[in-house]
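**Student:** Chains A and B, in that order, give the protein sequences. Each residue of the first sequence is one higher than the one before, starting from 1 at the first, in the working numbering. Each residue of the second sequence is one higher than the one before, starting from 120 at the first, in the working numbering.
Keep in mind the hints are simulated off the structure, nothing from the lab. Quick reminder that beta carbons are idealized off the backbone N, C-alpha and C, glycines included. A portion of the hints provided could be inaccurate.
[Stated by the list, open to error] Sample of chain B residues lacking proximity to chain A, with all beta carbon distances greater than 10 Å (derived):
#1 S149
#2 M176
#3 P295
#4 D301
#5 I303
#6 A306
#7 E371
#8 E415
[What the hints assert, rightly or not] Listed next, the in silico SDA-like pairs over lysine to any residue satisfying Cα-Cα at most 25 Å (straight line):
#9 K117(A) with S103(A)
#10 K10(A) with Q244(B)
#11 K110(A) with L316(B)
Single-letter residue listing:
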Amino acid sequence: MSERLADWTKGEQAITFQTCGACGHVQYFHRAFCAACGAADPRARRASGRGRVYATSLVCRAATPETRALVPYNILLVDCPEGFRMMAHGENGLAIGDTVTASFKPFAGKLVPFFTKEA
Amino acid sequence: MSFITGVGLTPFGKHEGSSSLDLMSKAAQSALDDAGLKRAEIDGILCGYSTVSPHIMLATVFAEHFGIRPSYAHAVQVGGATGLAMTMLAHHLVTSGVCRNVLVVAGENRLTGQSRDALIQALAQVGHPDYEVPLGPTIPAYYGLVATRYMHEYGVTEQDLAEFAVLMRAHACAHPGAQFHDPITVADVMASKPVALPLKLLDCCPVSDGGAAFVISRERTGEAGVHIRGCAQAHTHQHVTAAPALSALGAEISIARAKEAAGLTISDVRYAAIYDSFTITLAMLLEDLGLAGRGEAAARVRSGHFGREGAMPLNTHGGLLSYGHCGVGGAMAHLVEAHLQMTGRAAGRQVRDASIALLHGDGGVLSSHVSMFLERVR
Numbered sequence: 001m002s003e004r005l006a007d008w009t010k011g012e013q014a015i016t017f018q019t020c021g022a023c024g025h026v027q028y029f030h031r032a033f034c035a036a037c038g039a040a041d042p043r044a045r046r047a048s049g050r051g052r053v054y055a056t057s058l059v060c061r062a063a064t065p066e067t068r069a070l071v072p073y074n075i076l077l078v079d080c081p082e083g084f085r086m087m088a089h090g091e092n093g094l095a096i097g098d099t100v101t102a103s104f105k106p107f108a109g110k111l112v113p114f115f116t117k118e119a
Numbered sequence: 120m121s122f123i124t125g126v127g128l129t130p131f132g133k134h135e136g137s138s139s140l141d142l143m144s145k146a147a148q149s150a151l152d153d154a155g156l157k158r159a160e161i162d163g164i165l166c167g168y169s170t171v172s173p174h175i176m177l178a179t180v181f182a183e184h185f186g187i188r189p190s191y192a193h194a195v196q197v198g199g200a201t202g203l204a205m206t207m208l209a210h211h212l213v214t215s216g217v218c219r220n221v222l223v224v225a226g227e228n229r230l231t232g233q234s235r236d237a238l239i240q241a242l243a244q245v246g247h248p249d250y251e252v253p254l255g256p257t258i259p260a261y262y263g264l265v266a267t268r269y270m271h272e273y274g275v276t277e278q279d280l281a282e283f284a285v286l287m288r289a290h291a292c293a294h295p296g297a298q299f300h301d302p303i304t305v306a307d308v309m310a311s312k313p314v315a316l317p318l319k320l321l322d323c324c325p326v327s328d329g330g331a332a333f334v335i336s337r338e339r340t341g342e343a344g345v346h347i348r349g350c351a352q353a354h355t356h357q358h359v360t361a362a363p364a365l366s367a368l369g370a371e372i373s374i375a376r377a378k379e380a381a382g383l384t385i386s387d388v389r390y391a392a393i394y395d396s397f398t399i400t401l402a403m404l405l406e407d408l409g410l411a412g413r414g415e416a417a418a419r420v421r422s423g424h425f426g427r428e429g430a431m432p433l434n435t436h437g438g439l440l441s442y443g444h445c446g447v448g449g450a451m452a453h454l455v456e457a458h459l460q461m462t463g464r465a466a467g468r469q470v471r472d473a474s475i476a477l478l479h480g481d482g483g484v485l486s487s488h489v490s491m492f493l494e495r496v497r
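So that you can see chain A by itself, here it is in the shape it has in the complex (with noise of 0.2 Å):
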């Protein structure tokens, strides 16, 4: 199995995903197989950072003490071009549709993607 590709979610200022060898299926949640297909070792690849907002939501009222204190953050599903789609962070003021580029930034003790409007 080929090393993995750190990303966001290792604390790495990247977002990945993989695409399977066999089938071309293409997946954000990191797996040691194929959802699609079963194939062993879909291969990892560094996402652009860009892409189109799906979904927001304006979370005002949140459940730790941490993530108290950062309210209002604005929480999105974002359709990237690779053919995935993740959850993330973006500017308040963010419509479904708007074109989006990825920075990150840390939110509670971890580093999350973070998206702003393209200009």
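Dock chain B against chain A, hints included.
**Tutor:** Frame of chain A; chain B shown alone:
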């Protein structure tokens, strides 16, 4: 055939000093009394889970506590769909001859047994531990995401969603066991505190203590018979990040399978008992199930269609939104109310005709679905 021979439901709200087992026992005793059955006649037990008192063997913990030695017992976990999933399993257990009388039970002291933050945090863990939870989402945020997308695609407004909260509250006002009895207006919903926009406090179900139970039997025990005509499930994903398009969600799949299993269509349905954790959940499910056209459910609420006197009475006890939500027992209250309506025992809430009811449960973030048709037989 399988029959729902007895139902039991506690009031929802605060049950200071009651444990999950206490609430389960109370509901179970009511269901047994309603069925006219004794403990020794129960040979199967299915129970939900308790977030307050998690246990790896809750069904046997309950069986010992309540005083039953069943030949079949275990817990079931499918989030908000658990109650109907247990009912579906009980139906198969009795029709296949494994059991004669299955007790389905759930109860939790969710409101007084833990802090609200602890619960919100526990429930947020239905999110992906690596790719979602670190972003600080809550269950309302997962549904908030679904809501903005649904509103975008079908032209639904926040005022439209508010109509469902107002309707559920109006229904709760007529049920003495409901957690809330103060009428609300669309303006009240709109002015309530933001939780995870577009969802505001009154778009969200409350946290409650409570319990619910029913008995599913091979033979009817009383005059009025309510039988399970057909049911089905669909599971398309767990995490909202991995959810299919709005047009391909599990409710449409499970209802299609349930219609096939029951040999019924939506036009046969006279009463609806639909999962309503948030206003958006109810709006979407009504439209996914075919009880309203796309983007038209709110207009049907405004015209009285889903009221007690309407063509399709809906959650006449007030639903999760206003009767309350005690976890697995929360959505089981929908079935208890449907049973009371079908057997003519809903008192001041009684509808004209509840001969065929459609029930639907949703777990996770529209992840797991169970659809079920109940029919009254004479």
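**Student:** Far enough from chain A: is every CB of that chain over 10 Å from the CB of E415(B)?
**Tutor:** Consistent with the label, E415(B) stays out of reach of chain A, its closest Cβ about 21 Å off (over 10 Å).
**Student:** Would you check whether the claim that I303(B) is not at the interface survives, using Cβ distances to chain A and the 10 Å cut-off?
**Tutor:** holds, 19 Å
**Student:** For S149(B), is the shortest CB-to-CB distance to chain A above 10 Å, so the non-interface label stands?
**Tutor:** holds, 34 Å
**Student:** Grab the minimum beta-carbon distance between D301(B) and chain A and tell me whether it stays above 10 Å.
**Tutor:** holds, 21 Å
**Student:** Verify that the Cβ of E371(B) lies farther than 10 Å from every Cβ atom of chain A, and report whether the claim holds or is violated.
**Tutor:** holds, 19 Å
**Student:** Using Cβ atoms and 10 Å as the threshold, tell me whether M176(B) really stays out of contact range of chain A.
**Tutor:** holds, 29 Å
**Student:** Mind checking the alpha carbons of K110(A) and L316(B) for me, to see if they're no more than 25 Å apart?
**Tutor:** holds, 24 Å
**Student:** What's the verdict on K117(A) and S103(A), does the C-alpha distance respect the 25 Å limit or exceed it?
**Tutor:** Within the cut-off at roughly 11 Å; holds.
**Student:** With a cut-off of 25 Å on the C-alpha distance, tell me whether K10(A) and Q244(B) pass.
**Tutor:** With a Cα-Cα distance of about 19 Å, the restraint between K10(A) and Q244(B) holds, given a limit of 25 Å.
**Student:** Can we trust that A306(B) is non-interface, i.e. its beta-carbon lies farther than 10 Å from all of chain A?
**Tutor:** Fine: 19 Å to the nearest Cβ keeps A306(B) off the interface.
**Student:** Looking at P295(B) again, its CB stays over 10 Å from all of chain A?
**Tutor:** The assertion about P295(B) holds, with a minimum of 30 Å to chain A.
Of the hints listed earlier, there is not a single one the structure fails to meet.
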